[in-house]
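Chemist: Here's the letter readout for the chains.
There are 2 protein chains.
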Amino acid sequence: MSKPFDQTDHAELKVLEQELSQQLRQYREAGLKLDLTRGKPGPEQLSLSDELDGILQGNYRDGSGTDLRNYGGLDGIPEAKALFAEMMGVDASEILVGGNSSLTLMYFAVLFALYQGVAGSDSAWIKQGDSVRFLAPVPGYDRHFSICQQLGIEMIPVDLGDAGPDMDEVEKLVARDPMIKGIWCVPRFSNPSGCVYSSATIKRLAQLPKIAGPHFRVFCDNAYAVHTLQADAPELDNVMASFKQAETADALYLFGSTSKITFAGAGVSFAAMTDNNLRSFKQQLLISQIGPDKINQLRHVRLLRDMAGIKRHMQGHAALLKPRFDIVLKHLSDGLGGLAIANWTEPKGGYFVSFDTRPGLAQKVVELAGSAGVVLTPAGATYPYGKDPRDSNIRLAPSFPSLEEIDKAMQVFVCCVKLATVQQLLA
Amino acid sequence: MSKPFDQTDHAELKVLEQELSQQLRQYREAGLKLDLTRGKPGPEQLSLSDELDGILQGNYRDGSGTDLRNYGGLDGIPEAKALFAEMMGVDASEILVGGNSSLTLMYFAVLFALYQGVAGSDSAWIKQGDSVRFLAPVPGYDRHFSICQQLGIEMIPVDLGDAGPDMDEVEKLVARDPMIKGIWCVPRFSNPSGCVYSSATIKRLAQLPKIAGPHFRVFCDNAYAVHTLQADAPELDNVMASFKQAETADALYLFGSTSKITFAGAGVSFAAMTDNNLRSFKQQLLISQIGPDKINQLRHVRLLRDMAGIKRHMQGHAALLKPRFDIVLKHLSDGLGGLAIANWTEPKGGYFVSFDTRPGLAQKVVELAGSAGVVLTPAGATYPYGKDPRDSNIRLAPSFPSLEEIDKAMQVFVCCVKLATVQQLLA
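First to last, the sequence lines map onto chains C and H. Per the working numbering, numbering of the first sequence is gapless, rising by one per residue and ending at 454. Per the working numbering, numbering of the second sequence is gapless, rising by one per residue and ending at 454.
Fair warning: there could be bad hints in the mix.
One copy or two, it doesn't matter: identical chains are merged, so the pair holds either way.
Within a straight-line C-alpha distance of at most 30 Å, the following computed BS3-like cross-link-like pairs (lysine-lysine) qualify [stated by the list, open to error]:
1. 309 / 414
2. 309 / 60
3. 414 / 154
4. 230 / 199
5. 154 / 309
6. 414 / 60
No lab work stands behind these hints, which were simulated from the structure alone.
Produce the complete structure using the sequences and hints provided.
Modeler: Right, here's the structure in full:
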């Protein structure tokens, strides 16, 4: 049966509900324990970088002769700055290479802007009004939202489409509310939709600071900059160059890391920004740290070498990830295609498939799947405050489980989506 | 000539001034470039841990089988928790092992207490009055003071003696000012005096929260916990046990790191606190990071193994450091002994000698030494806001330079102290 559910009559739906419930009972009895929650690289992906430990062969000095074992070097080692600056499309003078977490760099960037100010203490967001607000393109990344929530920054959701955030809406909101001080962006292979911001979107983002005022910041988390799954994946414009052309480069913070290039928990992170911003950021950052683990940075340079090396390395990841995405998409297409009960993305890079049920069903689907041992990202997690107003979006993360596990988990998932939908239609 | 300067007559002082000025001129002409500023381990000390890179031999799993290459494990790996908990004298459940910087953990602990609260948002210090204050035992560590300064916490200096802070003064201040919310302590081999807090001091510190109220915190940076220079170095009481006995353990945050055990820039850090505190701290910390570099933690466990291993390792450091301290102390004693113009500490551990000129001379001495190519920690750096009210304290850090360099630098230093003093007496 593959006609749209809304063209299916009551009796047929009743039969279908019986069948699907029976199927789900079988899955439950199978005692599955499957996890599609977080965007964690799988063990084989991690093994692509196993050389890292020991790669220095006792040489702890960088090219300029600095002893990397000692304190110092807040902005990272020259070789790492050069490599990751190229990857982020900025000058080597415009990057800081840090520890194992770009999330920490983002946290500090928001924290400093909020309390210390992006241009002297008078510019501290907290001093400019009662409530600081951010735009949150949705669906988006829960850890971005958590930073705002902890720091008391109110989030205003705006829809994220295939070409990026709804820029009409973004411009309108920013124009009428001077307390909107930032926007979260994942410009290439967005988490979770996988969309790549179009040239037009990047150009309009670069114009945004002219509407929003001097202390507005675009927090551009380019976490999946080189994480393509197939050769025809769309490229991203050079974001920094676009902002420079618009003469708004001081409003841009770019972030990235090797968390999904080398070791998820032991990579290196980076923040790119204008010389102006970097000077002030480093001054603030130095209060909480003397410098990052420079040795691990050198390990990364030795392993990845140059942009060609990074691309080769990423092909290894794609070879492991692509089949996983293929299984997910095949199950969705085979199981749900033509039923007109769900939408999903078919990303050409990144770590996620973004899935939308009919309104009001995401939480139900996650519950049903959980009851059969398939753990999904909690419904709502892709929205500020964990609240999806349509209760519709589910993030599927197929990188970590094995092909067999994904196959099994997706059977259960498809069954749960259909069952929840049938039950809604019958209610 | 070795009689006290205040028993030396004007004419003799005049002659002495001539001689010392002549000597300083010669040092200047020698074109020296020596640095006694920061407490950085020397290259030979760092080499004691050169095995670290490569020590895992391809095994990236901890004892419980967790793949350390991946995300997760906010509080560190079990082996590292066990080892450093023993070192800090706490239960393994009471420690979080983090990245390469204990300064960052301290920064977060202050930040969270200030804005998020140590026991729910109502307890946020910022909500309890207009100005938050800390006690700052002096001389102390400039980076502790910088955290307070950036976060707008006012510091009140209290004198640090041979047995720790002046507890009469501490208790008096805390009793009359409920906005004093914290105190910085370096309880063993304090930076820079090298003093070890006595049992009596620790006991009174443990009683302090009863006077100061429920949201007061003792920030105990046990950075030199195992950093003895000689066998008869005084032990520190178990700080956590003392606070538990006083039933004030929730008021204690303990910090430490391997920065001066293994690699200064690539070690591991830890924070120890009660289960209560740790639960809330982790909840806050998780907003800015998924987890520390667990691989580097395993490297450290493989290298150091157990407390006996740490002790052996620290003997290697002592063998390199002791001769450096000996030269410093010999120059001070030979050059300044009996002149009654300066005081200095003779530490049995740690990284510094704390030196006091006659009031009003520290800055002058640092300038004179600088003019002859000997860079010293800026005068005042050991005081909040960089202001030593007596302009008297200078921190000498002999760990990094070679024996020859220290020998040369200390000749210059002694000459500058004498010259500055003579000039003051003649003025």
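Chemist: Any hints from earlier that this structure breaks? Give me their numbers in increasing order, please.
Modeler: Violated: none.
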